[in-house]
Structure formats: C-alpha cells, structure tokens
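Colleague: Given next are the chains, with one letter for each unit.
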Amino acid sequence: MIFKYLLQLGDNALILGHRLGEWCGHAPELEIDMALTNIALDLTGQARNLFQRAAEIEGKGRTEDDIAYLRDAWDFRNVLLVEQPNEDFAFTIVRQFFFDTFNYYAHQELTKSKDEWLAGFAAKSLKEITYHLRFSSEWMLRLGDGTELSHQKLQTALDELWMYHGELVQPNEVDLELAKSGVGVDLEKIKPLFNEKIEEVLSKATLNIPTDTWMQSGGKDGKHSEHLGYILADMQFLQRAYPGVEW
Amino acid sequence: MTHLNLEDQFQAKIDAETKIEPKDWMPEAYRKTLIRQISQHAHSEIVGMLPEGNWITRAPSLRRKLILLAKVQDEAGHGLYLYSAAETLGANRDELVQQLLTGKAKYSSIFNYPTTSWADIGAIGWLVDGAAIMNQVMLTRASYGPYARAMVRICKEESFHQRQGYEIMMTMAKGSPAQKQMAQDALNRWWWPSLMMFGPKDDDSAHSEQSMKWKIKRKSNDELRQQFVDVTVPQAEYLGLTIPDPDLQWNEDRGHYDFGEINWEEFWNVVKGNGPCNRQRIQARVKAYEDGAWVREAAVAYAEKKDQRKLVSPKAQAEAA
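As given, the protein sequences belong to chains A and B, one line each in that order.
When the letters of the first sequence are read in order and numbered with the numbering used here, they come out as residues 1 to 247.
When the letters of the second sequence are read in order and numbered with the numbering used here, they come out as residues 1 to 321.
Hints listed in this document are in silico derivations from the structure and should not be mistaken for laboratory results.
From the three backbone atoms N, C-alpha and C, an ideal C-beta is built for every residue, glycine too.
Honestly, I wouldn't trust all of these hints.
To be verified - Pulled a few chain A residues facing chain B out of the computed Cβ check, cut under 8 angstroms:
(1) 38
(2) 115
(3) 141
What the hints assert, rightly or not - Restricting the straight-line Cα-Cα distance to at most 20 angstroms, the calculated cross-link-like pairs of lysine-lysine (PhoX-like) are:
(4) B:305 with A:204
(5) B:306 with A:204
(6) A:204 with B:310
(7) B:201 with B:213
(8) A:112 with A:127
(9) B:32 with B:106
(10) B:215 with B:23
(11) A:127 with A:197
(12) B:19 with B:213
Excised from the complex, chain B in its bound form:
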C-alpha cells in the first residue's frame, strides 16, 4: 500500500514537471533505465572518440587539427560528466566501463562505421552530431535533474561541433571536384546510419513507452527522425550534395519530407556486433584499458605512499607524542 503510494507520488511529481534528484525516492525500474541510458550515452562518447581520433594526425591544416583535437577532448569530457551523472544513481564508473569492455553494455552503433576520408570528419559533425543534438535537446528536459543538467552543458558544445562539421562539408562541397566527390561519398555512407541513430521504429522500440511516461524521453524515435530529416534536407541542398534516397520528397499534406525505408536488417546486424568496426572499437578500448592498468596502479600506489609518509613525518609524530 505504502509502496503504491510512493509510486503514485513519484508519477505525480513527474507529471507536475518537478525534477527528480539523486536523494529522492524513485522506482527501481526508473533508476535502472536511467543508469542503462546514461551509461550507454557515456560509452558512446568514449567510443565515439575513436573514429574521429583516427584523423587527428592527418588533419589537413593546423586550424582543423586544433578544432578536431578540441572536439575529441570535449567528447572525453562528456563521457566524464555522464559517468558522474550515472554515479548519482548509485552506479560505479569502473563497473560501467567493465560492461562496455565485455560487450554487455551497448553504445551508439554509428561509431561502428569507419572513417575512411577526411570528409567523414565533416559528415560526422554535421549528421551524427546533428542527430545526437535532436535527441539531446529533448533530454535537457528529462525528468532526472543531474541528467538534464549534464545535457544542457553537452548540447552547447555539440552545437559548436555540428557547425564545425557543416563548415568542413561546405568547404569541400565548394572546393575542387575531388573534394566534392569526397564530400558526396561521405554523405552517401553516413546518411542511413545517421537515420538509424534514432533507434527502431516506434512499434518495435522496447523501452520507449515507459520512458515517455517517466519523461526521460519526450519524443518518439520516429518523431525525432522525421525532425532530423526535415532539418537536414535543406542543408544538403545548400551544399549542393545529393541525399542517397530516391524516395525522398516533400509531402505537402504532411508538411514533412517522406523518406525511404531504413535497412533494418543492417541496423540489427550492427547492433548485434556485425558492423564494419564493432570488433576494432572494443579491441581499442580493451587495449587502452589493459595497457593502462600499470599506470593506474602506480598512481594509486604513489598516493598511498604519500599518505603514509605524511603520517610518519616528524611533525606528525611530534604531534602524536
């Protein structure tokens, strides 16, 4: 009886748009859903550093190199805030990282595609960050306070990233024929995976309905996907690039673009681990973790020695006597 009351009170708070804070009572399922979602988001930031980091040493100008370094660094920072937000729910960063390394936890499938040309850095900024922003702007209003607040900060940086990506695409689309070809090729490869970022169709989405009720999510996968297409098509037209979808056309009645069917077989395959880079991404994270173990252990050992020395220093001994 009391338990039901707590749940009712909780839902009433959510319905009244009061933020849920770490010390507030919350249903276990709400806590679990948030930990899963926030940690997946954190893992996505960390794995997302790899495809972009792939071009740091080959960035074509000093200015581009600085922007790319700063962008990948921002992603590490986003990963950190998000792990902290998950920790406010009682999760432990090390355990969450273990789930990523063992393949138990998911991350955004988009990062399982390779970055094969410099234009991919533009396409990721424009399309991948663009799609992420659609989702994240919605999450700035999520019912869980620490998550919503982390998202406000992340969104500011993400919109800067997206502008930078679009600027790379613009420079290339207006550049030499080879650059334009590179830009078009990048759009061809990243368009469909970007649409897949919004997740399965609403009818097939396992977690959506409850998340909407809890106001963790406020728009459905399909609504966000439509919003992304509507915003992005004119941007591609402005670049003079062609979106690789023969079914794409403006629908006057709906006031939206109609677009072709996503290849769901590819989507589920990449989710299951069969994307072009799933193995390489996890291997890179595992290698960084294992190769870094002795460094983290050294830092702990040194800190302990330092504390002990403080304890046995003459001053401390005199004080003790």
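Next comes chain A alone, as it looks inside the complex:
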C-alpha cells in the first residue's frame, strides 16, 4: 500500500513538473521563466526521490526510470488537476496555486509520518514547496488584483479549474488506509486548512469563488482525462522506441 501512496505523491510531482517544463523558453518574462523552471526542477527531483524509494520498497528490481517511463496511463496515480494543459499563464497559476496549497499542508503533516523515510523526505521538500506556494499565491494576487484583463483571465481559469481542486483532499482507499496507520496524511485534517487558504487568497485577489460543488475525481485510482495519454506519448517516446538501453 505504501508503494501506491509513494506513486500518488510522485506522479503528481512528475506530471506537474512536466507541464511546467513545457513553459521553459516561452514564459511572459525571463524571471518568470526561471521561476517556473525552478519549480519544475524541484518537482521532478521530488518525483525522482519518491520513485527510487517506491522501487526499493517494491523490491522487483525496477528503477526510477522504469516507474516513470514504462507505465501506461491506468497505472498513473496523479490527480486530474496536474495533467490539465497550461493554456495560458492564468491557468498555469491557478493550477499551481491549488496544488501548492495542498502540497504545503500535506507535506507539513508528512513530516510527522511514522515512516521515517517519508518524514525526512517531507521535511526536505517542505522548504521547496513553501517557496512554490509563495510564488503562486503572489501571482494569484497580481493577476487577480492587477488589470481588468488579468482579473478576467484569472477568473476564467479559476472557473474552469475549480472542479479539479476537490480531488486533492478527497481520500481514496490508499489515503484512508495510510492515514489510519499514521504513515500518510489524514486528508480530513488538512481539508479545512486547504479550503481556508484558498478562500483567503481568492478573496484577497478580488475573485468570485465559484459555487459549483461537483468535483471531478478518479486520477488517484488511474482514471484519467484525455490529456495524460499525450503527456506520456511525449515523455516516454525514447524509452518506448529504443527499449532497454542506457541514456
């Protein structure tokens, strides 16, 4: 079960890191380009650590790259939010803000995990994630309370992505079992903090909080949107076309 949990965490980081990597060289200004790449680097690095650990626990001789590059979509356990396309900078920031808020509270809890490795990993990653959350929250404010146009674009992105934020704190079986054993995060516990932070930032950013309550889910159990297939087609191309070689 902890194997699956590590994949849930790792796949979120890998797929969001991939999406941010798509910005590299194309961001609104050089400083933003560097910051987005920095977050992509942190997330991909976290995914790598989590996959190494998952492979070790699984004990079947797989490597971090086997896990990233040789699974098909149904075995990916990331939430639907992180596979959503970049669209524009407003979408990218809303997606990032939801994820960072979740990731921040989740890792804060994970530092208390009964699993020593996971607690250590969380403590190390929390420094990076704290910076990510600061970056995305600040941009929520700048875009939300910037110009009329930026406000409108951010509101659109928020309305479109709103239905994907609930899955982050909605427990599946893996979450429930690991929360019970004190290894994983109790999502019920962080849910109020997560919602409060989102409300706080959205209202400071002068945005209307969407009233829809229907939330999409399924990613954590391998039921994905159409986007993931294309991400994997790109990401896994070389490993699939030239199997079994070193790179």
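Fit chain B to the given chain A structure using the hints.
Modeller: Okay, now just chain B, sitting in the frame of chain A:
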C-alpha cells in the same frame, strides 16, 4: 585637442590592462561595439533556450531531464546577467529585446538549426557550448570590467554544460547501434555550423581589427576556430565518431589540424535569415513576448496599487496629519 587626449588616455589604459568600468570615459564607438556584442550574446542565450527546450518533455530519463532543465535555466540566467552588463553601458533591456524581436539585432546563427533527435542535446553541449567556451574564455579578459566579470561566471557554468553534453554523446556512442547512429547523425549536422560559430574568416570580418585593439577580443576568428578543431578532433576519435570532413588531417609542420573549407554561402544565408529555423525562433520569442504582455502589465498595475494603498493607509494618514 582634449578629445584626442581622452582617446589616447583610454587606449593607454587598455594597453596597460586596466579594466574599463561603467563610469569611466570611453569612446562612443567602444560603447556601441560593446552594447552590440553583449546584447547579441544575451539574445543568443535566450534564443538558445528554444532548440534545447524542445527536448525537455522528451528527455529519456529523470536524471537527463533535470540536467536539461537546469541547463536551459542557466541560459536564461546568463541572458539576464548579460542584459544587465549591457545596461551598465546605458542600454535599456526592453529596447534591446525589441531589437531582437524586430530582427534588427542578431543572435548566434547556430540556434537556427533544428534539434531533431535526442543526440542533438549531446551535440549542442559538446560542440556548441565547446565553441562558445573558446570565445568566452577569451572574453573573461575583455577590457570592459562588467563584461569580463559576467563571463567568468558564465564560463564556469558553460564548462559544466559541455561536460554533460559530451557525456550524453559518450553514452550514445557506446550504446546500441541505433544510439550510435543517432550520435553520428547529430555530429554530421552540428559540426560545420559549430565551426561557423567563430564568424567569418579574418579577412572578411568587419569588426575584428578595432575590437582587438580595444582588447574586447584577443584572438581572431580563425585562431579560435583552429583551437576548437584541435581540441575537438581527439574527443571525436575517443567517441569513435567520424567528423564529416574528408580534408581533415593532422599537419605535422603546423602542429595543427588542417580542415576543409566552410560553406560560406550557407553561413551568409543563415545570417540573412534563411536558416532552417530563423523564422520559428523569432516567432517563438515574439509569441512569448506578446502573450506575456498582459501578465507584465498586471504585475506593474498591482505594484502601483500596492504603493498607493500604503500611501493612503490609516497609519500613513495619521502620520501625515
């Protein structure tokens, strides 16, 4: 009379190897030459992010992906220091960027070639960064202080990039037959454009002589090109790859490799905008700039609102009263 004196004093300083600093007097032509050269270099870093960025989502392992992300990020950083170095000469970053977007300013032609396979990421690191280092090591001794200092920092990162590129080539050259083929194909495509990076032959180089006198440049295009060939040929041999030049051979008398004639027609064509990717590169930069306009405007508007709120905050009002 005084003007001549200033120029003489300036040249004497250069001859004595004293660095020129932003507030020092300098001839207008020296300032212009430096702004042109430094901004071209900055633009090259920024445009250079595109061919490599093209493989970020397809990097074949997590380790390679991290290295590539970090490398492209370093290039953005180099662009930033170089724009700052140009600003010490009175240039303005926005204006320099406009010159790139409108095609008025040049950037290194090498980035107008496409990256069609993963081995190209290796070849760029090995050959393109290798060629850039030859030039940049020389520039760490350039007479203009801020440029020379920026170059010291950039060179350190570039040599790391070059090692990474060579390591990719090594892994592929020693890998499966398909990987070796990919590596050879990349070398075939990048070899000649890399030699072109050093610019026209000395006899045809418009800016060289004055730049040497001002010690912005310390070695001629042809000298640097020869140095690059001499260093790179044994590296290719070690990889077991063949450099695509039938005229390449060691010349005992000269103590250098002789090499074939560069296709100067291709060189000038790519400079003029007819390379395989000139249009795509500029279009990508223009798109990023235009699509990002509302974001930059929002940041400015938000900062202004924040300042105004500070001014009208109760505390500020109380203090004013």
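Colleague: Look at each hint and say if it fits the structure.
Modeller: Against the structure, the hints:
1. 38: Cβ of residue 38 of chain A sits 7 angstroms from chain B, so the hint holds.
2. 115: 22 angstroms, violated
3. 141: Holds: closest Cβ of chain B sits about 7 angstroms from residue 141 of chain A, inside 8 angstroms.
4. B:305 with A:204: 13 angstroms, holds
5. B:306 with A:204: 12 angstroms, holds
6. A:204 with B:310: Holds, at roughly 16 angstroms.
7. B:201 with B:213: 18 angstroms, holds
8. A:112 with A:127: OK: residue 112 of chain A and residue 127 of chain A at ~15 angstroms, within 20 angstroms.
9. B:32 with B:106: 14 angstroms, holds
10. B:215 with B:23: 18 angstroms, holds
11. A:127 with A:197: Cα-Cα ~18 angstroms, so holds.
12. B:19 with B:213: The hint holds at about 14 angstroms.
In summary, the one numbered hint that this structure violates is 2.
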